[in-house]
Amino acid sequence: MPTPILEIRNLQVTFNTPVGPLVAVRGVDIDVHAGEMLAVVGESGSGKSVSFLAAMGLLPRSATVTGSALLDGQQLVGMTPKQMRSVRGRLMSMIFQDPLSALNPVHRVGAQITEMLRAHTKMSERAANARAVELLEIVGIPQPGDRAMQYPHEFSGGMRQRVVIAMAIANSPKVLIADEPTTALDVTVQAQILEVIQRVQVQFGTAVVLITHDLGVVARVCERVNVMYAGCFVERGNVHGIFEQPTHPYTRGLLASLPQTGVGRLVPIAGFPPNMLRPPSGCAFRARCDHAVEACGSAIPPLVPVGESESACIRASELMGRK
Amino acid sequence: MLKYVVRRLAWSIPTLCFVTFLVYVALRIGTNPVESYKRINPRASPEKIAQYIDVNGLDPNYVRGYFRWLVNFITLDWPRSIKGSREVAPALKDALANTLRLGTAASVVGITVGLLLGIFAALRPGGRRDVAVNTAAFVGISIPPYVSAILFQLFFAVYWSRWFGSTLFPTSGVYPPGQTGFNLGLMIRHMVLPTMVVAIQIIAVYARYMRSSLLDVLSSEYMRTARSKGISERRVLFKHGLRNALIPVVTIAALDVGSIVGGLIITENIFSYPGMGKYFLSAFGEGDFPLLMPWMVLIVFSVLLFNLLADVSYAWLDPRIRLE
Numbered sequence: 027m028p029t030p031i032l033e034i035r036n037l038q039v040t041f042n043t044p045v046g047p048l049v050a051v052r053g054v055d056i057d058v059h060a061g062e063m064l065a066v067v068g069e070s071g072s073g074k075s076v077s078f079l080a081a082m083g084l085l086p087r088s089a090t091v092t093g094s095a096l097l098d099g100q101q102l103v104g105m106t107p108k109q110m111r112s113v114r115g116r117l118m119s120m121i122f123q124d125p126l127s128a129l130n131p132v133h134r135v136g137a138q139i140t141e142m143l144r145a146h147t148k149m150s151e152r153a154a155n156a157r158a159v160e161l162l163e164i165v166g167i168p169q170p171g172d173r174a175m176q177y178p179h180e181f182s183g184g185m186r187q188r189v190v191i192a193m194a195i196a197n198s199p200k201v202l203i204a205d206e207p208t209t210a211l212d213v214t215v216q217a218q219i220l221e222v223i224q225r226v227q228v229q230f231g232t233a234v235v236l237i238t239h240d241l242g243v244v245a246r247v248c249e250r251v252n253v254m255y256a257g258c259f260v261e262r263g264n265v266h267g268i269f270e271q272p273t274h275p276y277t278r279g280l281l282a283s284l285p286q287t288g289v290g291r292l293v294p295i296a297g298f299p300p301n302m303l304r305p306p307s308g309c310a311f312r313a314r315c316d317h318a319v320e321a322c323g324s325a326i327p328p329l330v331p332v333g334e335s336e337s338a339c340i341r342a343s344e345l346m347g348r349k
Numbered sequence: 006m007l008k009y010v011v012r013r014l015a016w017s018i019p020t021l022c023f024v025t026f027l028v029y030v031a032l033r034i035g036t037n038p039v040e041s042y043k044r045i046n047p048r049a050s051p052e053k054i055a056q057y058i059d060v061n062g063l064d065p066n067y068v069r070g071y072f073r074w075l076v077n078f079i080t081l082d083w084p085r086s087i088k089g090s091r092e093v094a095p096a097l098k099d100a101l102a103n104t105l106r107l108g109t110a111a112s113v114v115g116i117t118v119g120l121l122l123g124i125f126a127a128l129r130p131g132g133r134r135d136v137a138v139n140t141a142a143f144v145g146i147s148i149p150p151y152v153s154a155i156l157f158q159l160f161f162a163v164y165w166s167r168w169f170g171s172t173l174f175p176t177s178g179v180y181p182p183g184q185t186g187f188n189l190g191l192m193i194r195h196m197v198l199p200t201m202v203v204a205i206q207i208i209a210v211y212a213r214y215m216r217s218s219l220l221d222v223l224s225s226e227y228m229r230t231a232r233s234k235g236i237s238e239r240r241v242l243f244k245h246g247l248r249n250a251l252i253p254v255v256t257i258a259a260l261d262v263g264s265i266v267g268g269l270i271i272t273e274n275i276f277s278y279p280g281m282g283k284y285f286l287s288a289f290g291e292g293d294f295p296l297l298m299p300w301m302v303l304i305v306f307s308v309l310l311f312n313l314l315a316d317v318s319y320a321w322l323d324p325r326i327r328l329e
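So the protein lines, in turn, are chains A and B. Using the numbering used here, read the first sequence as starting at 27 and increasing by one per residue. Using the numbering used here, read the second sequence as starting at 6 and increasing by one per residue.
If you are wondering where the hints come from, they were derived from the structure by calculation, not from laboratory data. Any given hint could turn out to be false.
Unchecked claim - Now the in silico label distances, taken between C-beta atoms and shown as ranges:
#1 333/A x 326/B: 57 to 63 angstroms
#2 303/A x 132/B: 22 to 28 angstroms
#3 152/A x 128/B: 53 to 59 angstroms
#4 328/B x 242/A: 43 to 49 angstroms
#5 243/B x 153/A: 20 to 26 angstroms
#6 303/B x 87/A: 49 to 55 angstroms
#7 43/A x 328/B: 42 to 48 angstroms
#8 43/A x 159/B: 45 to 51 angstroms
#9 43/A x 238/B: 23 to 29 angstroms
#10 303/B x 152/A: 48 to 54 angstroms
#11 226/B x 326/A: 17 to 23 angstroms
#12 238/B x 303/A: 27 to 33 angstroms
Source: prediction; values computed, not measured. Using N, Cα and C, we set each Cβ at its ideal position, and we do this for glycine too.
Produce the complete structure using the sequences and hints provided.
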């Protein structure tokens, strides 16, 4: 296997809060390979966005980041703000969840894209304007020349997200972090936006990390899946493997809570995620797990190969056959 | 936009007429202009009184009287003041010029310093300088001008002359008694203390506005987007942060500056500063109807004008606002 373009090792993120340290990410490893579409799945607060915001240096001052994140051989953790700025928007960029609040309401859409271009290249204003219009066309905005002169509030939700994507890919980054890019959109628009992301992934050779809690989206577009729970990865592997034979009880719970035709009621996962101000010992999921045994509480279980995937459940192989 | 401004200006004429009618009625009921005249001119002949009633539009019928007053006002045939029989227009013009000079100086100093302090505080919310600015603003707002004015007079004039032999800043008027003609240096020295008194209030208020407005903007998502572009922190703050944070502040500033034309009544009186506030208080004390009405018209007009200005500046700064 080639060396990954983004290699994260033992990344930990702690927020200093008035009531004590909150451990949001507890040592995650992840490899993103050039040009792939990778999914990071988990519920709200599981640390999936925080991990990548940490890699981009976009967390507030109250956050402490340790571990390693190598982007194309460059260590991102501990970079000076100036070095970090030259990486952000050039090698790695981000698409945010809510396209309305992600765009500045008082600047024209075109200007917001050219700002990205001119931050990293010595492009003339005219060339940047022309390129911005081109980018708007690539993401499928009709009449891009006129639209570039408009303000964000004159765009629909889906169109705004296209603008955000155009901005993010302006400098053909190696890695694009898509943080719940379709969550704030209509279902009908979601598919179109995923299509746009897939198109730029192919056209620009960009690796895409799709952060989402929507397993339906994952099944449609991703090759590999990482499932996150309480700041750790609990399962990782090929999309088909995980959908057909989940090895971790949490993943199984997630899949069971998906709406399916022909099946009566949705099955929620009982209980609540743990309070990360006082993270539990051992497997964080054990309080909600039907299969928990005493040994689950002894240490955070590492990811070990189980069948085609990797699982952080100590009883994974034992439970495999049972379902 | 131009069409909107023209329409608003056209609408301000009936508004102005309606409000001045209310003011006219209120003044007639509140001050009884005819009695005021008789009190100040006890030996006026019946013909004189009748003439006074006629030129001021003091007909017993308010509506008829108001229109008589309006015609005289528009044709610039303004009656003389009751007390001293002075021309009203030059007196009003002087008062307005003095107040505008004081108000502009205090607004420029106050808003500039206030905004800077607000930005300074918002950049590190909860930090030491944030606490310092908040405390100072709280103290500034809590001290009424009649307290700070007297403290300044005590310190810069009374005690200063006791310690150093002469006062640092004069405590009253625009010029020393006996001064004739224009003298910029003297004028500025006389303005220092009243400007400080007014500016303290403005600084305190605007530091708070700016702080909260900027904090609001700093936590918004487009600031994170701007940061994710890899542009400099300074550019993030100025191009994306301040531009948005200033929208509400500029609108409030336009309204505030408009209300200054009404005079800084307390400050002007403490410093015997001959501006609009002092003009009003002395005219009102005498029930001097011919002096009061043009003052009122000017105030109403300035409020209307600066309201329009606030709306226009809002639309100009925020593309989401469209003026219809």
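Violating hint indices (sorted, rising): 3, 11
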